[in-house]
Amino acid sequence: MIKAVLFDFDGTIFDTNKLIIESWQEVFRTMTGKEGDVDKIKATFGEPLLITMERWFPGESERLVKIYREYQKDIYFKMIEAYPGMPELIKKLKALGYMNAVVTSRLTSSTINTLEKFDLTKYFDVIVTCDDTDKHKPDPEPALVALRKLGISADEAVMIGDSHFDVLCAQNAGVKAVLVGWSEAAAVTLGGGEIDYKPDYIIEKAEDLIDIIK
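Quick note on numbering: numbering that gives the first Met the number 0 labels position 80 of the sequence shown as 79, and the sequence is numbered without any gaps.
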């Protein structure tokens, strides 16, 4: 019996794709004088920023993360919005007696600030960010921390996300993985690539999740 839904944040609840891509382009412009490959950027959606930054620009990651986040300050809430049906789904799940959790590679501060801006904080029982774990998606630790805080087992939850990082995090924790079909990262994930994975479910509309967990 499903008791809880673990939600990814970027690309799942909120459309932050344009914001993330544009912020990365500012980093590429700073380092190379030209913009980076958009598909390459999309393929990193869901991975902690510092990890990607260090892989692409070794030794420069901390400085570039500051540039990335500083660039976002004035444009953040101008460039993000909730995906259609997601706020309604989150509220409906809560009304039906399910527990909700956020499991994200984002920082706690920006996660909370965004949820509060959209008046969604009160609908979540648990919030797990990159500040709460030593290991990050696709490692199972973020999902396992959420399960522990919720007081449930892996077979009592599903995890919904938009990237292979979410799918593998869920499945590595023994949780059924639901992939959304509406994100830029989902398009990359569905396209396959070097990583071998397969979501348990794919949904095209937020409300489709209800049928899965009944």
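Watch out, some of these pointers could steer you wrong.
Beta-carbon label-pair distances, calculated as ranges [what the hints assert, rightly or not]: (1) 116 - 62: 36 to 42 Å; (2) 34 - 57: 29 to 35 Å; (3) 34 - 118: 33 to 39 Å.
Restricting the straight-line Cα-Cα distance to at most 30 Å, the calculated cross-link-like pairs of lysine-lysine (BS3-like) are [claimed, not checked]: (4) 90 - 65; (5) 2 - 148; (6) 213 - 65; (7) 213 - 93; (8) 175 - 197; (9) 197 - 116; (10) 93 - 134; (11) 17 - 77; (12) 90 - 39; (13) 77 - 91; (14) 148 - 39; (15) 17 - 65; (16) 197 - 77; (17) 33 - 175; (18) 175 - 213; (19) 213 - 77; (20) 77 - 148; (21) 2 - 39; (22) 213 - 2; (23) 116 - 72; (24) 17 - 213; (25) 116 - 134.
Because the hints were derived from the structure by calculation, they are not lab data. Every residue gets a Cβ at the ideal spot worked out from N, C-alpha and C, and that includes glycine.
Q.
Could you work out which of the previously given hints the structure breaks and list their numbers from low to high?
A. Result: hints 1, 2, 4, 6, 9, 12, 14, 16, 17, 19, 20, 21, 24 break, sorted rising.
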